[in-house]
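**Q** So you can see what is in the structure, the chains are spelled out below.
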Amino acid sequence: MSDLILQAAQAEKTTPLPWLADFQQLQNNTWLRQAVPTRKTEAWRYTPLNRLEKGNFFGAPAQVHECSECLQEQISLPDANGDELDCYRLVFVNGFYAESLSALGELQTGVSLCRFGDANEAQQSAIKTHLGTIANDSVNLFTTLNNSQLQEGVLLSLDDGVVLDKPLRILWLGSAQAVPFSVTQRLLVLMGANSQAMVLEQHLSDDAEQNSFTNGVTELSLGEGAQLHHYRLHQEHESVLHIGGVFADLGKNSLLNSFHLAFGSVLTRIDIVVNHRGQGAHSELSGIYLPRNNQYVDYHTCIEHRVPNCTSNEVFRGIIGDSARAVFNGRIHIHRDAQKTSAKLSNKNLLTSNRAEIDSKPELEIYADDVLCAHGATISQIEDEALHYLRTRGISDQEARVLLSFGFINTLIEKIPHTEIAEYLRPKLAVLFARDPELLRHIV
Amino acid sequence: MLAINNLHAEVEEKQILKGINLDIKPGEVHAIMGPNGSGKSTLGHVLSGREGYEVTQGSVQFGQKDLLEMSIEERAREGLFLAFQYPVEIPGVSNMEFLKASVDAVRAHNELPDLDAVSFMKKARSVCKAVDLDQSFLKRGVNEGFSGGEKKRNEIMQMMLLEPRLAILDETDSGLDIDALQVVAEGVNSLRSPDRSFIVITHYQRLLDYIEPDFVHVLAGGKIVKSGDKSLALELEAKGYAWLAEEVV
Amino acid sequence: MSQEHIDKLIESDYAAGFVTEVESETLPPGLNEDVVRFISGKKNEPQWMLDWRLKAYRAWREMTEPEWAHVDYPPIVFDEISYYSAPKSMADRPQSLDEVDPELIATYNKLGIPLHEQAALAGVAVDVVFDSVSVVTTFKSKLLESGVIFCSMSEAIKDYPELVQKYLGSVVPQKDNFYAALNSAVFSDGSFVYIPKGVRCPMELSTYFRINESNTGQFERTLIIAEEGSHVSYLEGCTAPMRDENQLHAAVVELVVLDNAQIKYSTVQNWYPGNAEGKGGIYNFVTKRGIVHKNARLSWTQVETGSAVTWKYPSCILKGDNSVGEFYSVALTNNYQQADTGTKMIHIGKNTRSTIISKGISAGKSSNVYRGLVRMNPGAEGARNFTQCDSLLIGDKCAAHTFPYIESKHPTAVVEHEATTSKVSDDQLYLCQQRGIDAEKAVSMIVNGFCKEVFKELPMEFAVEAGKLLEVSLEGSVG
Chain A
1 MSDLILQAAQ AEKTTPLPWL ADFQQLQNNT WLRQAVPTRK TEAWRYTPLN RLEKGNFFGA
61 PAQVHECSEC LQEQISLPDA NGDELDCYRL VFVNGFYAES LSALGELQTG VSLCRFGDAN
121 EAQQSAIKTH LGTIANDSVN LFTTLNNSQL QEGVLLSLDD GVVLDKPLRI LWLGSAQAVP
181 FSVTQRLLVL MGANSQAMVL EQHLSDDAEQ NSFTNGVTEL SLGEGAQLHH YRLHQEHESV
241 LHIGGVFADL GKNSLLNSFH LAFGSVLTRI DIVVNHRGQG AHSELSGIYL PRNNQYVDYH
301 TCIEHRVPNC TSNEVFRGII GDSARAVFNG RIHIHRDAQK TSAKLSNKNL LTSNRAEIDS
361 KPELEIYADD VLCAHGATIS QIEDEALHYL RTRGISDQEA RVLLSFGFIN TLIEKIPHTE
421 IAEYLRPKLA VLFARDPELL RHIV
Chain B
445 MLAINNLHAE VEEKQILKGI NLDIKPGEVH AIMGPNGSGK STLGHVLSGR EGYEVTQGSV
505 QFGQKDLLEM SIEERAREGL FLAFQYPVEI PGVSNMEFLK ASVDAVRAHN ELPDLDAVSF
565 MKKARSVCKA VDLDQSFLKR GVNEGFSGGE KKRNEIMQMM LLEPRLAILD ETDSGLDIDA
625 LQVVAEGVNS LRSPDRSFIV ITHYQRLLDY IEPDFVHVLA GGKIVKSGDK SLALELEAKG
685 YAWLAEEVV
Chain C
694 MSQEHIDKLI ESDYAAGFVT EVESETLPPG LNEDVVRFIS GKKNEPQWML DWRLKAYRAW
754 REMTEPEWAH VDYPPIVFDE ISYYSAPKSM ADRPQSLDEV DPELIATYNK LGIPLHEQAA
814 LAGVAVDVVF DSVSVVTTFK SKLLESGVIF CSMSEAIKDY PELVQKYLGS VVPQKDNFYA
874 ALNSAVFSDG SFVYIPKGVR CPMELSTYFR INESNTGQFE RTLIIAEEGS HVSYLEGCTA
934 PMRDENQLHA AVVELVVLDN AQIKYSTVQN WYPGNAEGKG GIYNFVTKRG IVHKNARLSW
994 TQVETGSAVT WKYPSCILKG DNSVGEFYSV ALTNNYQQAD TGTKMIHIGK NTRSTIISKG
1054 ISAGKSSNVY RGLVRMNPGA EGARNFTQCD SLLIGDKCAA HTFPYIESKH PTAVVEHEAT
1114 TSKVSDDQLY LCQQRGIDAE KAVSMIVNGF CKEVFKELPM EFAVEAGKLL EVSLEGSVG
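Protein sequence lines, in the order shown, are assigned to chains A, B and C. All letters in the first sequence, in the order written, are residues 1 to 444 by the numbering used here. All letters in the second sequence, in the order written, are residues 445 to 693 by the numbering used here. All letters in the third sequence, in the order written, are residues 694 to 1172 by the numbering used here.
No false leads were slipped in.
With a Cα cut of at most 30 Å, we get these calculated DSSO-like pairs of lysine-lysine: (1) B:K595 <-> A:K415; (2) A:K40 <-> C:K1037; (3) B:K573 <-> B:K583; (4) A:K54 <-> C:K1102; (5) A:K166 <-> B:K583; (6) C:K1116 <-> C:K1134; (7) B:K566 <-> A:K415; (8) C:K748 <-> C:K859; (9) A:K344 <-> C:K1058; (10) A:K340 <-> C:K1058; (11) B:K458 <-> C:K987; (12) B:K583 <-> A:K415; (13) A:K340 <-> C:K1134; (14) B:K583 <-> A:K428; (15) C:K868 <-> A:K40; (16) C:K1102 <-> A:K40; (17) C:K1090 <-> C:K1058; (18) A:K344 <-> C:K1090; (19) C:K1102 <-> A:K344; (20) A:K40 <-> C:K1012.
Everything labelled a hint here was simulated from the structure, so no lab data went into it. Keep in mind it's a predicted model, so treat the numbers as computed, not measured.
With the hints as extra help, turn the sequences into a complete structure.
**A** Structure below.
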């Protein structure tokens, strides 16, 4: 057995959840039977795990009592009027709940929202019933590790017909400690029939060099007619290692809109699995990855069409610079009899350096004939035609390049339905394209 | 304003322009006509500085400056505007961002301060209105999903916003219905002034009914084979281009 | 598939036919160094060739069968296969067309193949063989006039050892993959083509002209060398179904396209696909690859309708600056056929260009996979790839998959990949039927339209036959 498997299995739990012990013991046993993926493991062929294996990340983090100013600043997210966004906010630092930074307030009737450490009996029961059932994809061994190691998490459960009155914002903050450590994050969203919500997950850290490995898993269950807007933003420092996943089950006529962003880090690997389980379900999945320096981003997405009459649309775009590397694997799987499915996927990439690398693998696996499926992948540069057009209008070559690079991902930012998030992201993304503010003044 | 002297140019090692001579004075409108493949659009691209269009001989003087020495954006900032025959779609870059960047660049070159956001918006809206484009076009990606006519009107709108010294209209009439043609022509005519010149490249005489040229030149085989006043355009409309070719031989 | 079925697959009629032959012509099933020595000895090969084979054999023993392909078949027991069978003697062959399976003759008639060609294809041992020998003779002398060498691999090893030694294994090394290693150890025969510098081969080269060697069996080895500035178009395979008795077909094709040369390699593959219930048929595990040097062009065109299981990725190593690789493919699967096929375009040189057009048609209970790799290496400045993969599904029990791998390490390289799937729509069928065209004909017309982009790349006469071949292969797919 490899050191990684053993070390991870033996990691100490400082704040265990006794009511989950049985489940976690089973998961730990499963984990112990795993082998570390190698280049020959198809799902990991481009993504080596040596940085994780060599890092000795399985020390337990110390409880954080004081939060640095830098971290506190990260929390701010203004609304359209410039005031702090009115939302339910749960903040975790290195996995520990930070009550002073959180804001829960009064909850509507029919809304159950808590951290796992605070769960009452009914909430514990809901967690025990659903945890791990949506992310049951045996391919992803790190979900098993998350199951076995989690000590904290967030539950949002909505009764039928409930429309959550405010966005739910979950901040997973990281801060370096004396010894390398690992953090397990977990979100479970259970939506009753015709309920609606907006959930924003942000993975942040302070500006300093980090020494942690984060395993963050999100499970989303949408009942009949439910509608969820979900965001998962990876804005951590580039020294972080993060392996995580988002797993969704879509009931009849439900609607999932899930937006993803990754700046890139030593290792960022996110698996996204969307299961269309009820007829008439629709999913919109979009994402942006922007690795630079020596960063690495790997998005593996899988759209499962298990029943007829569902639709899905997926768009991921990446700009890869310096010596960075990105991997995109986009699978569409139409099961036997999932007739009248419409599934689309587009992946476009810009390479901006001759040391950068992109590996893209869009996949179609189709077992039904009356379907409309298409995928496209491109790797290209800024178009000469567009560059020329801008220059004939007097815009400098440099600024034209910034406008066009930003425009390449801005097509996805523009489609974000929550303008405050789009406005929050624009300047944070724009600075990646130029250091000189003069070149950015027309986009932010 | 513009003095073209014995201009030769090639594209992909193929000689397209074979000695163009043209003198354009401030306030003049010159129409350039000619059959397909005669080099009309090439002339526009050579003047705007497009990459891949190699000048092999000759010179072009723009005002007091050597046009051919300047980069694409310098030419634009000096006041040369090309309305594209096929405007490029740029998703993700909004028309507004694009126009502001362009106006700021040209103004900065002329040592004028940036327009503040409010005055810029005001101006942008008014030119939009002048070419009958809805203001929502300002928020959309540059030319993204615009119809052929909308793209052409977007070009004229940019011209009105940038107020160039020399505007080159490259087959701006192609693909336009009569209403759109009038809108485009009105936009051009509203800009006509004693210190602004136009080169109107077109295949048909139709546009010249609305934008009255001072001179008409016929381009064939990379050379100006005949020049005249606006009556030449009518003659061409009636006889086609073939007779000219014979006359040259 | 049951164990019994496997046994049946492996215990081929072909091998059984040899029991009556001279003892020394038959090898018992199994593979070891002695078998390799025997094969080499039988062919009077020089020592270097034997050494080369043995090296491959030893490598093969250390290798494991690839499992990544999206195909499912019972394990092949390599020790139950006989690795050497001498060609059938005249006496063993059917003496006239009357003795040939009438179903086969019916298919030939549908394809419009002339009678004497039918006889040749079915291996009838009468005059036709002499005809084809004479065809071969006139044709060979014409080629030799221009310096073109076109002969069997066995002859080449004897007559052109320096060329064979230089190029054999230079594109597909012995250890390249499991089946290539196996082929390198035991290959029976194949074609050898050499086009001298600056020569434009005066005719299409086709294995058809070597009909007398068509029974070369399960491990073919083809090597084509196009010297600088030369040009050749090569067509392999048969344009009619062959009842190939061998069950495992593991061929290797190596192409060397030197500076400014061009090779156009067209394949019409229609090995026995098994019957409607999925019994029998060929396992077609083929490695095809070419190295393309400066300003050279390699074009693969394939129409694949046969075999029970296909595993095949004709590839281009675009090594030289400005080299061009093309892959045009139609793969049709019906009944229980499984195909995992596609291409690899490895862009190494500057301004290299590649185009991939793949059309997959699945019918019945078959599975049809496009698997491709486009790789832009760090030196592939200004390289371009365009890939279009379309799948057409006929019926709701079949499967169509697309697994493209796109890897780029150069910022000025541009890769575009598009894939779609569609079905023959009820509206299309209705329109055709309303105009009096029956459903089967209508489907075949629609499928032909779907494949047009690829067919136009085939040499004219084969394009027509390929179209007919699809029609025949689709029979019974519309119910």
